[in-house]
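Undergrad: Below are the chains, spelled out letter by letter.
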Amino acid sequence: MKITFPHLGNLYIAAESLLKGLGHEPVTPPPTSRRTLELGSYHSPDEVCLPFKISLGNMLEGLAQGADGVLMIGGWGPCRLGYYAEIQRLILKAFGKQVEFITLEVPRGRWGEYLGRFRTLTASTDLRTFWQGARLSWVKLKAVEELELHAVSAQPREKNEGTVRPYLRRQLELLRTAQTVDEVQEICDAASRGFRELQAHDAVRPLRLGLVGEIYTVLEPFANLRLEERLGSLGVEVVRTISLVEWVRNHIFKKAVGLYSLAPLRRLAAGYLRGFIGGHGLESVARSVALARQNLDGIVHILPLSCMPEIVARAILPRISEDHGIPVLSLIVDEHTAEAGFQTRLEAFVDLVQRRVERFEGQRQARLSGS
Amino acid sequence: MRDSGRPVYLGVDVGSVSTNLVLLDAVEPRPCIVWKAYLRTQGAPLTALKNGLELLHDAGAWEICGVGTTGSGRELAGVVLGADVVKNEITAHACAALAIDSGVSTILEIGGQDSKLIILRDGVVVDFAMNTVCAAGTGSFLDQQAFRLGVPIEDLGELALRSRNPVRIAGRCTVFAESDMVHKQQLGVDTADIVAGLCAAMVRNFLGSLAKGKELRPTVFFQGGVAANAGMRRAFEEALGQPVFVPEHYDVMGAVGIALLVREALGGKAVPTRFAGLERVLDSQVASQSYECTGCPNSCEICEVWRDGIFLASWGARCGRQGRTDQTS
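The listed protein sequences correspond, in order, to chains A and B. Counting from 1, position 316 in the first sequence corresponds to residue 315 in numbering that gives the first Met the number 0; the numbering is continuous, with no gaps. Counting from 1, position 258 in the second sequence corresponds to residue 257 in numbering that gives the first Met the number 0; the numbering is continuous, with no gaps.
To be clear, the hints were calculated from the coordinates, so they are not data collected in a lab. These figures come from a predicted structure and were not determined experimentally. Every residue, glycine too, gets a C-beta built ideally from N, C-alpha and C. Be aware that one or more of the hints could be misleading.
[To be verified] Some chain B residues judged to face chain A by a derived CB distance under 7 Å, without partners named:
1) Ser3
2) Gly4
3) Ile89
4) Val123
5) Val124
6) Phe127
7) Ala128
8) Met129
9) Ser289
10) Thr293
11) Asn297
[Said to hold, decoys possible] Heads up, simulated EDC-like pairs for lysine to aspartate or glutamate below, C-alpha to C-alpha not over 16 Å straight-line:
12) A:Lys19 x A:Glu145
13) B:Lys213 x A:Glu236
14) B:Lys211 x B:Asp126
15) A:Lys158 x A:Glu236
16) B:Lys211 x A:Glu321
17) B:Lys213 x A:Glu321
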């Protein structure tokens, strides 16, 4: 089958290898653009959140490139995303698209149905090819994240402005075409040196801001208006709390065998939120507490308009901000997000954090010289 | 040396509705505004900027020691002018208010297309909220309703103050507000009472959407174009139960703030300004154009600025690409 799938940051690099290993031909949709969003919004119910609209747009663009199957993740729980795959399947069907819609989700008891679905996906491959593809895909997923983390740390320290992000893009392109695990390793090693060379050695300590929020808007640069890159060019080192590698490890490997536990998150969120509320709501609260304890300079929280779990988190964050004395900025994104207003908020927040840090530093110096 | 006029810093605030320019005396230690202009942007920031500079040129002889730009058109204006400081309007507004009263703790700012709430403690911004998505509660909405009621926007505030029984208008959304107002008009309610009700609705909307969970301590400043409206000021005072101050240069506070930030950045240092020069900016043709880039599948929307056929800058390329290959020099 020729299978397409929605974008989520640089996930396509790993997804391509996985689908190849499964004996399918991956059809990666063109990078998400305004056209994708327009296409997706046009065929979506008006009130659904941004991730639905963009991912539907990706699917339609992938199908237009000749795909006859769609791979999407599902789930269960209070977050609406769990049901998106099913609605998107119906929309495509009503649209007259003859497509095989494969939803990947953690089985909830009904193993038979799950295995049946998995068999359509693995039908045309032998075990050896599958294993190699799956392994390469996992290694690439980890490599993408490693490179992104290098970039996040290198950008605010770069010697020449605007060099780190283009370098990252070139390395990701290399990674995409890599055929073996060894090749991936070589790219990572070289990139690690490459990123180091782009940084000034005497760079001042950049401001450090933690990033929390709904996973799709955190990871998809089109949806978050390239938030990490914008912050990087304002001289901020972004501290990520959401990792795709961790997500796969927890929600696909561990959850499937019942090893995933929310207890550590519950402990962190104690006093603010009692338990799971769907999506990343509990995580946003718990991670914000963790970031505050790590003495970060501030927290940026991002969510799509009308996202229930994150609205709950958003109402709690001001209390964490007050209790721990850490500034928090909540950003809501939707199809109409005006870039100018978004950038203004970011700049103003960075100014606010910078002045705070300077004042603390001034007070500390005064205390030291006074005693 | 340069043209020998009065040494000043130029602050420019290019907003969606108005473009404001101020000159700040460069010698006087206290903030001293020697000239200001408030122009309508009317969707053409470059034209408005040029008109403003022409007024400035005709107003006297100046030695411009530094330039700063702010507002949603700050990048564009910054490139055209050769600005020394380009800063967001939230920081600029806070800076201007603090220069007038270092004890200011709350700033209410309502401009043409957005509204902001800035919270300060001990002279530092600690929190802010900004509304850009919803038009209810902004100057444009008031403008529209004044037009509908047949009242000049300048007289709207005075009219509101004459009201004895303000009516309740839904303020959550412009559409509801408008149909509410039409309904009240048809019932024969006095225009003054409707306008006063409208002011109260806008204040409720502002406080409900921006001030939720925030403590609005005194001293409270009210600035931005809408602060000219005495009815709005009274509605804020009634809702907050405390006096609200409208500073003298309320309509150009963003420009004042950015001029102060330029002085902070350049003042006392032997750094020459990057200002392109008044004559140069006025005598040249600046053009901007936007198009969809076809260089890769990203299809970014690119905006470019050219001066007399020379490429100045571009925005929007996700690959970080600057300029074109066919640029002339």
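Undergrad: All hints, please: hold or fail.
TA: Here's how the hints hold up against the structure:
The beta carbon of serine 3 of chain B is not positioned within 7 Å of any beta carbon in chain A (closest approach about 35 Å), and the interface hint is therefore violated. About 32 Å separates the beta-carbon of glycine 4 of chain B from the nearest beta-carbon of chain A, more than 7 Å, and the hint is not met. Taken as an interface hint, isoleucine 89 of chain B checks out: its beta carbon lies about 4 Å from the nearest beta carbon of chain A, inside 7 Å. A hinted interface residue such as valine 123 of chain B counts as satisfied when its beta carbon comes closer than 7 Å to some beta carbon of chain A; here the least separation is about 5 Å, so the hint holds.
A least Cβ separation of about 5 Å between valine 124 of chain B and chain A falls short of the 7 Å threshold, and the interface hint therefore holds. Among the interface hints, the one on phenylalanine 127 of chain B holds; its C-beta lies about 6 Å from the nearest C-beta in chain A, closer than the 7 Å criterion. With its C-beta approaching chain A no nearer than about 9 Å, alanine 128 of chain B sits outside the 7 Å limit, and its interface hint is violated. Because the closest C-beta pair between methionine 129 of chain B and chain A is about 6 Å apart, less than 7 Å, the hint holds.
Below 7 Å, beta-carbon pairs count as interface contacts, and serine 289 of chain B has none with chain A, the closest being about 13 Å; its hint is therefore violated. The interface hint given for threonine 293 of chain B is violated, since its Cβ lies 12 Å from the closest Cβ of chain A, which is over the 7 Å cut-off. Because the smallest distance between the Cβ of asparagine 297 of chain B and any Cβ of chain A comes to about 5 Å, under 7 Å, the interface hint for this residue holds. With a C-alpha separation of about 23 Å, the suggested pair lysine 19 of chain A and glutamate 145 of chain A falls outside the 16 Å cut-off, and the hint is violated.
Between lysine 213 of chain B and glutamate 236 of chain A the alpha-carbon distance is near 28 Å, which puts this suggested pair outside the 16 Å criterion. Proposed proximity of lysine 211 of chain B and aspartate 126 of chain B is supported: the alpha carbons are some 12 Å apart, at most 16 Å. Pair hint lysine 158 of chain A plus glutamate 236 of chain A holds up; C-alpha atoms about 15 Å apart against a cutoff of 16 Å. For the given pair, lysine 211 of chain B sits about 15 Å from glutamate 321 of chain A by alpha-carbon distance, which is consistent with the 16 Å threshold.
Simply put, lysine 213 of chain B and glutamate 321 of chain A have alpha-carbon atoms about 11 Å apart, close enough for the 16 Å limit, and the pair holds.
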